[in-house]
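Trainee: One-letter residues, chain by chain:
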Amino acid sequence: MVLRNWLSTTTKAVLGQSLAAKIKNDPFYRFQTIEELQIAAQLGISIDANQATVDDWLRLPGISIHQARALVELTHSGVQFHAIDDIAAVLGVSVDRLKPLQLVLRFCYYDPESVCTVQPVNVNTASLEMLLKVPKIDLHLARAIVAHRTTSPYRNLPHLQKRLSLPPTLTAELMHYLRF
Amino acid sequence: MTAQPKNRKIAAILAIASAAAPVSGFHKFYVGQPLWGTVYVLLSITPIPRVASMIEAAWYLFQDGDEFNRRFNAGVDSSPVSSIDPTKVGAIADALRQLDQLRTDGLISEYEFEQKRRQLLDQIS
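Protein sequence lines correspond, in order, to chains S and D. Per my numbering, the first sequence starts with residue 1, numbered consecutively. Per my numbering, the second sequence starts with residue 1, numbered consecutively.
Derived from the structure by calculation, the hints contain no laboratory data. Just to be clear, a hint being listed does not mean it is correct.
Covered by chain D, per the in silico footprint, the following chain S stretches (three or more residues, Cβ under 8 angstroms) [as the list claims (entries may be wrong)]: (1) 3–17; (2) 54–65.
Among the chain S residues that face chain D by a calculated CB cut under 10 angstroms, a handful are [to be verified]: (3) F28; (4) A68; (5) R69.
Note that the structure is a prediction, hence the values are computed from the model and not measured. Note that the Cβ used here is the ideal one computed from N, Cα and C, for glycine as well.
Using the sequences and the hints given, assemble the complete structure.
Mentor: Put into structure tokens, the structure is as follows:
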């Protein structure tokens, strides 16, 4: 009996260790339970709510692809999340339901006025004035971007470069400011 | 697990070694059963794992290679690459296109798309 108890605790410990190793080594590991979230929190894994991608959000248990996309769209448009209450409000669920996610979620503040923060603009939706705020985009280029996107949206940066025949040096300077 | 197919002879030699050595269970780790391996190591103070190792060594040696592969090399294809079936490639190509459509529709994420794409491509060879 004692031996069996000891064996079960050791196997549990071994399994827990392998789970921790899996969580640590797979940056896309998707947490299934709150227990796994606790292990992740102990390992120091955190997800920054204001910079998370769709795949980062999908790592959290109970977050669907549509919810993840909605959250990412909001952060891309410049909305800042300050607490778990904001996430709950966006998703339309109660705060209590999302409480366990606080174990790994971080709400870092990014000052929009700071010179270090670059808020990229979406070339497919941004107005002419917003495009003009981007360094290196002059009136001529902004008008060309707007004119070309009426036929079909830009898929990605190479697509934009090809359609507008931008020189590589200009593309390299623009890539930090544009989003698709 | 490991991409290398497990060798029946090495498994048998490890089983014999584990029957003779003071600590047993190496062959269990080798064939990809770490839990059993741990149990064997833990029980090393008793003669049980040594007897079990002896039996398993005989079993590894006398069963034929196909049965061993079926048991321990599931998913690892050790047979030479067979000719590629064009209909299968066509079906996988269609599946890939549909998968990409799902990605552009936003129903699957980039990571999920890439994982499934690799799984589909692995089916070709």
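Trainee: Indicate, hint by hint, whether the structure satisfies it.
Mentor: Here is how each hint holds up against the structure:
no. : hint  : result
1   : 3–17  : holds (count 4)
2   : 54–65 : holds (count 4)
3   : F28   : holds (5 angstroms)
4   : A68   : holds (7 angstroms)
5   : R69   : holds (6 angstroms)
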